[in-house]
Amino acid sequence: MSNEHAHAPAHDDDEHNPHLAHHFDTMGQQTASAKLGMWLFLATEILMFSGLFLAYFILRMLYPEMVLEAHEHLSKWAGGINTVVLLTSSYTMALGVRSIQLGDVKKLRLMLVLTILCGCIFMVVKYFEYSAKFEHGMLPGKYYSAHLHGYEIDGLPHIFFGVYFMMTGLHGIHVAIGLAIMLWMFVRAGRGEFGAKNYVAIENTGLYWHLVDLIWIFLFPLLYLVK
Amino acid sequence: MSTAVQSHDPHPAVEPSYLVSKRGLMSWLVTVDHKRLGLMYLASVMFFFLIAGILAIALRTELFTPDQDFMSAQTYNQVFTLHGAIMVFLFIIPSVPAALGNFLLPLMLGAKDVAFPRLNLLSFYVYSVAAVFLIVAILTSGLDTGWTFYTPYSTSTGTAVITATTGVFIAGFSSILTGLNFVVTVHKMRAPGMNWNRMPLFVWAIYSTAVIQVLATPVLAITLLLLIIERSLGIGIFDPAMGGDPVLFQHFFWFYSHPAVYIMILPGFGIISEIITVHSRKHIFGYKAIALSSVAIAVISFVVWGHHLFVSGQSELAGVLFSFLTFAVGVPTAIKVFSWVATLYKGSIQYNTACWYGMAFLWTFTVGGLTGLPLSTLAIDVHLHDTYFVVAHFHYVMVGGTVVAFIGGLHHWWPKMTGKMFNETAGKIGCLLVFIGFNVTFMTQFFLGHQGMPRRYYAYLPEYQTMHQVSTIGSWILAAGLLWTLIYLLHSLFKGEKAPSNPWGGVTLEWATQSPPIEHNFHETPHVHGSPYDFPEIDKSAGGHH
Numbered sequence: 001m002s003n004e005h006a007h008a009p010a011h012d013d014d015e016h017n018p019h020l021a022h023h024f025d026t027m028g029q030q031t032a033s034a035k036l037g038m039w040l041f042l043a044t045e046i047l048m049f050s051g052l053f054l055a056y057f058i059l060r061m062l063y064p065e066m067v068l069e070a071h072e073h074l075s076k077w078a079g080g081i082n083t084v085v086l087l088t089s090s091y092t093m094a095l096g097v098r099s100i101q102l103g104d105v106k107k108l109r110l111m112l113v114l115t116i117l118c119g120c121i122f123m124v125v126k127y128f129e130y131s132a133k134f135e136h137g138m139l140p141g142k143y144y145s146a147h148l149h150g151y152e153i154d155g156l157p158h159i160f161f162g163v164y165f166m167m168t169g170l171h172g173i174h175v176a177i178g179l180a181i182m183l184w185m186f187v188r189a190g191r192g193e194f195g196a197k198n199y200v201a202i203e204n205t206g207l208y209w210h211l212v213d214l215i216w217i218f219l220f221p222l223l224y225l226v227k
Numbered sequence: 001m002s003t004a005v006q007s008h009d010p011h012p013a014v015e016p017s018y019l020v021s022k023r024g025l026m027s028w029l030v031t032v033d034h035k036r037l038g039l040m041y042l043a044s045v046m047f048f049f050l051i052a053g054i055l056a057i058a059l060r061t062e063l064f065t066p067d068q069d070f071m072s073a074q075t076y077n078q079v080f081t082l083h084g085a086i087m088v089f090l091f092i093i094p095s096v097p098a099a100l101g102n103f104l105l106p107l108m109l110g111a112k113d114v115a116f117p118r119l120n121l122l123s124f125y126v127y128s129v130a131a132v133f134l135i136v137a138i139l140t141s142g143l144d145t146g147w148t149f150y151t152p153y154s155t156s157t158g159t160a161v162i163t164a165t166t167g168v169f170i171a172g173f174s175s176i177l178t179g180l181n182f183v184v185t186v187h188k189m190r191a192p193g194m195n196w197n198r199m200p201l202f203v204w205a206i207y208s209t210a211v212i213q214v215l216a217t218p219v220l221a222i223t224l225l226l227l228i229i230e231r232s233l234g235i236g237i238f239d240p241a242m243g244g245d246p247v248l249f250q251h252f253f254w255f256y257s258h259p260a261v262y263i264m265i266l267p268g269f270g271i272i273s274e275i276i277t278v279h280s281r282k283h284i285f286g287y288k289a290i291a292l293s294s295v296a297i298a299v300i301s302f303v304v305w306g307h308h309l310f311v312s313g314q315s316e317l318a319g320v321l322f323s324f325l326t327f328a329v330g331v332p333t334a335i336k337v338f339s340w341v342a343t344l345y346k347g348s349i350q351y352n353t354a355c356w357y358g359m360a361f362l363w364t365f366t367v368g369g370l371t372g373l374p375l376s377t378l379a380i381d382v383h384l385h386d387t388y389f390v391v392a393h394f395h396y397v398m399v400g401g402t403v404v405a406f407i408g409g410l411h412h413w414w415p416k417m418t419g420k421m422f423n424e425t426a427g428k429i430g431c432l433l434v435f436i437g438f439n440v441t442f443m444t445q446f447f448l449g450h451q452g453m454p455r456r457y458y459a460y461l462p463e464y465q466t467m468h469q470v471s472t473i474g475s476w477i478l479a480a481g482l483l484w485t486l487i488y489l490l491h492s493l494f495k496g497e498k499a500p501s502n503p504w505g506g507v508t509l510e511w512a513t514q515s516p517p518i519e520h521n522f523h524e525t526p527h528v529h530g531s532p533y534d535f536p537e538i539d540k541s542a543g544g545h546h
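Order-wise, the sequence lines are chains A and B.
Per full-length UniProt numbering, the very first residue in the first sequence carries number 1; after that it's consecutive.
Per full-length UniProt numbering, the very first residue in the second sequence carries number 1; after that it's consecutive.
Here chain A stands alone, though its shape is the one from the complex:
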C-alpha cells in the first residue's frame, strides 16, 4: 500500500498560534497559500484588463487619426497629477508593509492613512475630469454629443470615449475597492491583528494596490499621451 498511516509530527509553537486555521499544519504553509492565491488573483485581474487593452489597440489600429485627435481632449495635467499621486501611494503602501514586517503597527496605520489619502486625491481628480467630459458631451457611444457643445472631432470619437470610460471606469472601481480594503486593514491593525509574524493580509493588500497602480501606469500613456 502506498499510504501508510504514520503519526503526524508535532509542530513547534505553530500549534498554538491563534492565527493558524484548522486545516493548515504550519503558519509557513498558510502564508505561502495566501500569497499564491493572491498572485493568481492578480493574474485574473490582468487578463480581465487585457480584454480592454486589446479593444483599445484594435480601435487605435482602425482609426489612428481619430484617436490622436480625440485624445487631445483629455487633460494631460489631470492624468499626470494622478500618475504622481498613485506612484506616491504605492511608495507609502510599500513602507506600510515594511513597517509591519518590523512589527511597527503604529507606522503601518500611518502609512495606510497616507495611502488612503492618495487614493482619495486620485478619485477627486477623476471626479473633476469626468465632470468636464460630461459637460462637453464627450460621452460613450450613443450619448456622445460633443459636436453640440462646439467640439468637432473627425471620425468616430464616440467609440474612443466609450473605451476611455470603460478602461478608466473599471480602473476607478478597482481604486475604490482598494480604498475600502485599506480602511478595513486600518481597523484590523487597530485591533492588534497584525504583527511581525502575521502580516500576509497587509502584504496582499499591498500587492493588490501595486497592481491598481501598475494598470494606471499603462492607461496613462495609452490614453493621454498618444502623440
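Simulated from the structure, these hints should not be mistaken for lab results.
As the structure is a computational prediction, the values presented were derived from the model and not from experiment.
Do not take every clue at face value.
Quick look at which bits of chain A chain B covers, simulated, 3 or more residues with Cβ under 8 Å [to be verified]:
1) 26–36
2) 131–144
3) 161–171
The following label-pair restraints were derived from C-beta to C-beta distances [to be verified]:
4) Ala132(A) x Gly158(B): 29 to 37 Å
5) Pro221(A) x Leu378(B): 36 to 44 Å
6) Ile380(B) x Lys35(A): 46 to 54 Å
Taking beta-carbon pairs under 10 Å as the criterion, some of the chain A residues facing chain B (in silico) [to be verified]:
7) Ala21
8) Phe41
9) Met48
10) Ala55
11) Ile58
12) Met66
13) His71
14) Ser75
15) Leu156
16) Leu214
17) Ile217
18) Phe220
Note that CB positions come from ideal geometry on N, CA and C, so glycine has one too.
Following the hints, complete the assembly by docking chain B onto the known chain A.
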C-alpha cells in the same frame, strides 16, 4: 453479479461522519467543509441538469414532425438558448470540478480541506446568485440569442440579455474562485510524501482545469461586461454602424469559451483514468503521459479559438493556423485514449457499473474526438459549419464524454460520498439505457448534419423526418435511463447497504478513510510512499467478476 473487493478498514468508525458531525440546516448553509459543499454543489448541478434536460426533451419532441407542433419559432429559440446556457454555465462547468472535485481533491491529497474553505463557501453562494439571475431572465422575457450571445443580435433582441449575461458573468466569478482555490490546494496542501509524480490523475486533471478556469474566465467576464455596456450605453465597440466590429465579440467570446470546453472535458478525463485503473486492478499505463497530456491540452486550448470563426471572415492565414493547431489537440487526447485502452489490456477487469460507464466513455468520447477532425479541416468545415454535425460532435464530447464520465464518477465515489451502496444490476440497466439512448440520439445527427440540416431550426424539410424521429426516440430512451439512474441512486440513500471504506479496492487516499469520511477527513495525516496505482496482489477469494 460481481461483488466488490473489500479491504480492511484500518480505523473502525469511532468518529461520526461529516454528514452527521454537525446537525441542523444552518450547519449546512454556513459550512466550510469541502465535502458538504461538494454535496451542495452536486444537488444544485443535478437540479439544473434536470431543468435543462427537460428543455432538451421538449426541443426533440417539437422536432418529431417537420412542421410546428407545440412551439412557435420564437419559443423554440428561447428553449434551445436556455437549454444551452443552463447546461453549460450551471451544469457542466461546475459539475465535475465543483461537485466531485470539491469532495475529492482534499481527500486525494491527504489534506483536511481546500486551501481557502471560506472562499469555497463564498464561491457556492456566488454560483447561487448567478443561478437566480438566469432564472429571473427565464421568468421575465426569456433569452433567444443562443448560449453564445453573438452580436449584433444580442444587442438588438428584446429579450432579457442583460439579466442573463449578468448571471453568466457572476457564475464566472464562482468558477474563478473555485479554480484559484484548487490550484493553491494542489500546490500547498499535499500530504507528506506526495510529490507531483504521486498525485492521482484525477488531481492532475482538476489542476489543469483549474488553471484554465483562472486564466480564461476573466476574459469572459470582460467580454460580457462589454456586451452589457454595449447594450445599455451603446458604446459601439461591436457595432459596425458605429465603427465597431461584431467579429471582435466572437474572438473575445471564444478566447474564453474554447478553453471552457476543456474546463468541461478535462475533469472527465481524470475520472476515467481513476475508473479504468481501479476497476481493472492494474497500474495505469503511461502515468506521466496522461498527467502531462492534461497540461498540454490546457496549453493548446488557448490557441485554437479561431476554429469557431472559419466562416466569420477571418483571414485565410489565420484559418490555416487555427486549423493546424486544432489538429494538434488530437495528439495529447489520443495519448490518453491509447493509455486507457492499454491499461485495460490484461487487466483483472471488474465489470461494475462505474466500469461500464468507463467503457461507454471510451466509445462515445472517441467518436466525439474523431468527428472533431473533419470540423477542424477548413474545406470540410465550410460544408458542415452550423449544421447538426456540429451539434452531434459537441454532444458526443460533452454528453458522451463529460456527462458519461461524471455519472461514472458518481457511481465510483457514491459509496464514499454517501456511505451507501447502490444496486449494481439497476446501475447496469441505467448505463445501458443511457448508452443506447445517447448513441441513437446523436449518431443520427451526424448524418442529418452531413445532409445539410442546419442547427437551431424549429421546422425542417420533410426528407429529414425519419432521422429526426429516430433521434427524438433516442432522446426519450436517454431521458428514461437518466431518470432510472436518479431513482435507484436516491433509493440507495434510504435502502442501500452500508458501504465499506474501500469497496472497489482503490489505492488513492480517499479510500484510506472511512465511508463517509469524518469531518477532518483522516484520523492522522497520511504519509505517501509510492504511486497511487500500485495495487496489491489481487485477492481471488474476495471477489472480482466470474
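Next item on the list: Could you check the structure against the hints above and give me the numbers of any it violates, in ascending order?
Entry: 13, 14, 16, 17 and 18
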